[in-house]
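Chains A and B are the protein sequences, given in the same order.
Going by this note's numbering, the first sequence opens with residue 123, and the numbers climb by one from there.
Going by this note's numbering, the second sequence opens with residue 123, and the numbers climb by one from there.
Please note: incorrect hints may appear among the correct ones.
Since copy identity is lost for identical chains, a pair holds within one copy or between any two.
To be verified - Derived BS3-like pairs: lysine-lysine, alpha-carbon spacing no greater than 27 Å straight-line: (1) K396 with K284; (2) K445 with K211; (3) K231 with K211; (4) K249 with K426; (5) K462 with K396; (6) K465 with K389.
Since the hints were made in silico from the structure, they are not lab data.
2 protein chains.
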Amino acid sequence: GAQRRTFMRGVPAWNNLTSKRTDEEISVGTEGPHNLDRVSSTPVQLGQTDSKLPDEIKGDWVLFHPVYSPAELHSVEVLHRESKTMSDKIAFLFVRLLRWGFDVASGYKHKPLPPNADKMSIEELRKGGYIMDEHQWLRRFLFLESIAGVPGFVAATLRHLKSLRLLRRDAGWIHTLLEEAENERMHLMTFMSLRKPGWFFRAMILGAQGVFYNAFFLSYLISPPTCHRFVGHLEEEAVITYTRCIGEIEAGRLPAWSNYPAPEIAKDYWRMEKNATLLDVIYAVRSDESTHRFVNHSLANLKKDDINPFAFREPDMTVKGKKSGFEREEAEQYVIESQKLLKEHRAQQQK
Amino acid sequence: GAQRRTFMRGVPAWNNLTSKRTDEEISVGTEGPHNLDRVSSTPVQLGQTDSKLPDEIKGDWVLFHPVYSPAELHSVEVLHRESKTMSDKIAFLFVRLLRWGFDVASGYKHKPLPPNADKMSIEELRKGGYIMDEHQWLRRFLFLESIAGVPGFVAATLRHLKSLRLLRRDAGWIHTLLEEAENERMHLMTFMSLRKPGWFFRAMILGAQGVFYNAFFLSYLISPPTCHRFVGHLEEEAVITYTRCIGEIEAGRLPAWSNYPAPEIAKDYWRMEKNATLLDVIYAVRSDESTHRFVNHSLANLKKDDINPFAFREPDMTVKGKKSGFEREEAEQYVIESQKLLKEHRAQQQK
Ligand SMILES: [Fe+2]
Ligand SMILES: [Fe+2]
Ligand SMILES: [Fe+2]
Ligand SMILES: [Fe+2]
Chain A
123 GAQRRTFMRG VPAWNNLTSK RTDEEISVGT EGPHNLDRVS STPVQLGQTD
173 SKLPDEIKGD WVLFHPVYSP AELHSVEVLH RESKTMSDKI AFLFVRLLRW
223 GFDVASGYKH KPLPPNADKM SIEELRKGGY IMDEHQWLRR FLFLESIAGV
273 PGFVAATLRH LKSLRLLRRD AGWIHTLLEE AENERMHLMT FMSLRKPGWF
323 FRAMILGAQG VFYNAFFLSY LISPPTCHRF VGHLEEEAVI TYTRCIGEIE
373 AGRLPAWSNY PAPEIAKDYW RMEKNATLLD VIYAVRSDES THRFVNHSLA
423 NLKKDDINPF AFREPDMTVK GKKSGFEREE AEQYVIESQK LLKEHRAQQQ
473 K
Chain B
123 GAQRRTFMRG VPAWNNLTSK RTDEEISVGT EGPHNLDRVS STPVQLGQTD
173 SKLPDEIKGD WVLFHPVYSP AELHSVEVLH RESKTMSDKI AFLFVRLLRW
223 GFDVASGYKH KPLPPNADKM SIEELRKGGY IMDEHQWLRR FLFLESIAGV
273 PGFVAATLRH LKSLRLLRRD AGWIHTLLEE AENERMHLMT FMSLRKPGWF
323 FRAMILGAQG VFYNAFFLSY LISPPTCHRF VGHLEEEAVI TYTRCIGEIE
373 AGRLPAWSNY PAPEIAKDYW RMEKNATLLD VIYAVRSDES THRFVNHSLA
423 NLKKDDINPF AFREPDMTVK GKKSGFEREE AEQYVIESQK LLKEHRAQQQ
473 K
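So that you can see chain A by itself, here it is in the shape it has in the complex (with noise of 0.2 Å):
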C-alpha cells in the first residue's frame, strides 16, 4: 500500500498527505469532495411543473453521487435493446467477443443449476461448476470495472479535445461522460477494498487496459454512437453480472458474503447506513450500471451536435431501470421539460 512505500522511501510512515489504504476507516474527502459535504442536503426541487418526471436533482460525490432509495435499487431489470442498424449490429458483436474473452479470462460459470440442486451442498455446486465462489466473483468485478471506466473517459477527452480544436460548444455531454467513469472507478476502488489481487491478475489487468484504452479510442474517433451503444450493450451485461451474483447471495449460495460489511468507501460514496452490507453495495452498482446502460443507448441515438439531455437531470431508476434508453424525439421532450423547470427555478430564485 501507500503506506509502505512510503516508508521506504524514508519519510515519516505516517503523514497527512499519504493517502489512504481503501480499507482504512475513510477519513472524509481522501478521494476528493462530496456534494453533501459542500450544499444544503436538501435536494432542490426544479420548480414544481405538472411533469411526470423526476425532477430532483441528485448530488455528487467526487463527479457523480447516486443514493437511491430501496424501490429504485429493486426496480433495475435486466433488458436487451434489439440491434436496429447496421452499426447497432457491429456495437453488439463486438460486446459478444468482449464478453466471451471476459469469461474465459475470469472463469465465469452459468450453467444451469441440476434438477437435484436443493439436495447439493455449497461445496458440491462449485465443484460441479455450477456456481462460482466469492473468490471468482470478485475476479470477474474488479476485470469489469477496470475496463468499464475507460470509455467514458474516452468519449469526454475526444469531445473535449474536439471542442476545443473546432472551437466548437460541447452541448454539455462531457460532465455526464465524465461521471460515468468516475462511477466505474469508485466501483473498482469499493471492490478492491475487498481484496488484493496478485501480480498475475494485475498483469492481465495492465495489459487489458493498453489494447482497450487504444481501441477504444480509435473507434470513438471513428464513430461515437456505434460506441455508446457498445457501452450500452456493455452496461447490459453489468447487469446481467451483478443480478445474478444478488440472486447467489440471496439464495445463500455465497455464504461469505452474506452478512459482509459494505466497505467504508462505499458507504461515503453512496451514502449508506453505518450497518449496510456487501449485498446493498452490490444493489447500488446494478443501480448505477442501469444509469450507464440507459445514459448509452440513448446518447447513441443522438446526433453528436445534439444536446446532452442529462445535462441537468436524469430520470430516476424506476424510469432508467426499466427502459433500455430515450429515442431522440424523448430526449428531445426530455430537453424541454429540464429548460421549462430551470426557468421556473431562476424565476423563483430571483424573486
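Knowing the structure of chain A, use the given hints to seat chain B with the ligands on it.
Only chain B with the ligands this time, still in chain A's reference frame:
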C-alpha cells in the same frame, strides 16, 4: 455554426436538441449544469474555526464555477517562481520555447512605448508596432486557450487510467485537474463568441493540438511534477498577457473594447451582472489563470501519492493571486485544516 450544418443535413433549422451558437442569448444549461441551478445559493460555511484561511466552498458551473468579489479580481499579481531543481529548469525552458512560438504565431508585440507616446494617436502606435489591436489580442487569447485546455485533461486521464490499472486510489487529484481543463475550455468558448476565426488560424490550432496533446501525454508519463511546473509557468505567462491587456483597455488603447458588453456565455459562467463588460470578463479570466498558476505550482511540489490539498477547498484569490503555490509542508497543513473543518461540518449536520 452548428445550426447551419444541421440545416444542410436537411433537419429543421430549429431543433431543441441542437446546441446554440455561443453568441446567442444563453438558454440556461446549453453547456451543462451550474451548481447555482442545483443548490441553495448560500455557500456552505464549513464550520467556524479560528482558521484564518478562507473556508467558503465555491459552487461550480459544469465542473468549476468561480464567482469573484471585486477585491479578489484586483488582487492578482504577476509572479514568477524561481527554479530550484533541474526539473524546474527544464520545465521553465519549455515554457520559454513555447512562449516564443506563441509570440511568433500570434504576432505578439510588446515593445516599450516611445517617450512621446502621449502625443501619438492609437493608429500611429499600432503602425509603429508598439501596441496590438483588438483583433491581434483576440487571436492570442484564442490560441492560448485552445492549448491551455489540454494539460489538465491529459493529467486527469493519466491519473484515472493509473488508478484503474494499478487498482489504487487517486487521492483527489482528478477532479481539480478536470476543473482546470473545463475552465480553460470555457475561456475559449467565451473568446470564440467574439470572433469566428478563418481557416488558416483554425488549421494552426488543429496542428498545435495534435502536437501538444501527444507531447504532453508522453511528458506526463515521464514526469508529472515537471509537467505541473511547466503548466505553472505557462499560467504565469497567461497572467502577464491578461494583465497587459487589462492595462491596454484601461489606458484607452483598445477603444473598440472600452465598453464592449460581456458575451452571454461569460455572464452565465461567472454569474456576472447583466451590464457586465468584456473588461470584467478579462479580469475574471485572469483570476482563473492565477488559480491555475497556484494549483499547478503547488501540485509540482507534491509527491504523486500525496492527497490533493485542493480536493475540498482552495484559498481565495487574495492568497492565490499573491503567492506562487504551497510548499509541500504548507499543503500538508492545509489538508489538516480541511479535514478539521469537514469533521466539524459533519458533526453539525448530524445534530
Ligand atoms: Fe461498474
Ligand atoms: Fe457501468
Ligand atoms: Fe485560460
Ligand atoms: Fe490557465
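Quick rundown of the hints versus the structure:
1. K396 with K284: This pair counts as neither: shortest intra-copy Cα distance 44 Å, inter-copy 30 Å.
2. K445 with K211: Answer is within: at 19 Å inside a copy they meet the 27 Å cutoff, but 56 Å across does not.
3. K231 with K211: Classified as within; 26 Å inside a copy, 56 Å across copies.
4. K249 with K426: Neither way: K249 and K426 sit 50 Å apart in one copy and 45 Å across, limit 27 Å.
5. K462 with K396: between (39 Å within a copy, 21 Å between copies)
6. K465 with K389: between (35 Å within a copy, 16 Å between copies)
Checked against the numbered hints listed earlier, the structure breaks hints 1, 4; every other hint is satisfied.
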